[in-house]
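Protein chains: 2
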Amino acid sequence: MSKLRFRISMSLDGFVAGPEQSVASPLGKGGERLHAWAFALAAFRAHLGLEGGEVNESTPVVEEFFAHVGATVMGRNMFGGHPGPWDAERPWTGWWGLNPPFHHPVFVLTHHRRAPLEMKGGTTFTFVTEGIERALELARRAAGGKDISLGGGAKAAQQYLAAGLVDEMELSLVPTLLGAGERLFDGVGNDLHGLTLMRTVATPRVVHLKFERR
Amino acid sequence: MSKLRFRISMSLDGFVAGPEQSVASPLGKGGERLHAWAFALAAFRAHLGLEGGEVNESTPVVEEFFAHVGATVMGRNMFGGHPGPWDAERPWTGWWGLNPPFHHPVFVLTHHRRAPLEMKGGTTFTFVTEGIERALELARRAAGGKDISLGGGAKAAQQYLAAGLVDEMELSLVPTLLGAGERLFDGVGNDLHGLTLMRTVATPRVVHLKFERR
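If you read the sequences in order, they're chains A and B. Per this note's numbering: the first sequence = residues 1 to 214. Per this note's numbering: the second sequence = residues 1 to 214.
Treat the hints with caution; some may be incorrect.
What the hints assert, rightly or not - Straight-line Cα separation of at most 30 Å, DSSO-like style, residue types lysine-lysine; simulated pairs: (1) A:K155 <-> B:K146; (2) A:K146 <-> A:K3; (3) A:K3 <-> A:K120; (4) B:K146 <-> B:K29; (5) B:K155 <-> A:K29; (6) A:K146 <-> A:K120.
Bear in mind the hints are in silico, worked out from the structure with no lab data behind them.
Excised from the complex, chain A in its bound form:
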C-alpha cells in the first residue's frame, strides 16, 4: 500500500515556523532560517521551478523524498487563504501561482466546502471537509500506487502523527534556535506512534533524521 510520507525542517528547539506568522510572512519571524539549506539546493529549487543551486550531501535526501509521490495531503494553513470563508470574487488558489509545483492531486483539509480547483501542470486542489482519514483515503485512491506526501503545516502533521497514520518522517533538524513560534510536536503525545529512527544524514547546516514505521 502506498505510504504517507512527511518531511519538514525543524529548529533545535522544536519549531517549524517562527513567531508572528501572517499572510505577508507565512514562515514567521526567523522561519526562513529553517529553509536556507533547502533553497540553496539545486534539487529543491528545481522542484519549485527555480534555476541554479548546489549539489551537496542533502541532495539525495531531497531527491529521495520527491520521488515516487502520487498525491499530497495538506492542512488549511499550508494552503492558505484563511481566515474567513472563500472569497467568491477573487478566490484564493494557494501560495504557488497558476502552475503549482505538485503536478498531481492535492487534498486540502478544510472546514469550508469548495469545488475542486484545476491548476496548470497537473495539479488539482480538492477540498476535504470530512477529516484527516477521509483526505488520506482520497489521496491514496488518487496516488495510483505511488506514495502520498503530507505537505504540512504543523497542525495537519500533528493530527496525522497522533493518529499513527504517518509511515515515514524525514525531519531536517537545523542547528539553530527560533525561541518562539509553532512547534511540530505539540499535542502529539509521549511517543512517536510506531516511528523508529532508521537513517541519519549529517551535514554542518542540517541533520536529516529519517523515521519509518517498522
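With chain A's structure known, arrange chain B on it following the hints.
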C-alpha cells in the same frame, strides 16, 4: 583557557526531563528514556562506579566528554535538597552518596549560603551565591588548566547558554517524544550564542550533536 563544556540528553520535542519531577522522581515521568542509551554503556557506568555495560558507537563520545575535566558547575536542582533552607540536622549532600562520581571540585549555584562539603574520593561541593559568572570563575581557578563540566540541570544550562559562556555542547538527541516536562532551550533566545554544529555521531538509539564556539 579551560573550556566550559556541557552535555545533556534531550528528546526530539526538546525536553531534558519529563513532567511531574520530584525528589522521588528527579527525571520526571518518562525521563529515564532519555538516559537508557547512556546507562547501557560501559563507559558511562564506569563513571558512576557501576560494572557491566556495552561498547558501541556512543562510547567514544562519552569518553571524550569525561576526559580532561577538572571541575564541575551545577545548578541547585541538579544538586537537589530543595525546596527550603538547608536542614542543619540532616544536611543534604547531593544525590550521589558519600563518594560522588566527580572526584574534583564541584561548584553549586544556590541562593543559600553554606560551608563547603568535602566528600570521599576527591569531590568537594562549594556553594556559590554570587551568580553564574562567579561560579565559573571559581571553577576555572580550581580546574588546574583542565576543562569545566556544566553538569545541569536545564535552568543552569539556560543561564550559561544565554550568557554566551558555553564553549562546547554535546547534545544527545533521543528519537522519542516526552510530550511534557522541562525544556532545555526555554528562554535561551533565538540563536545558539556563537555555538556551531561541528560533529554528528548517529546511532539508532541516540544522535550526538557536538557544538563548539568557533
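Please write out, lowest number first, the hints stated earlier that are contradicted by the structure. 1 and 4
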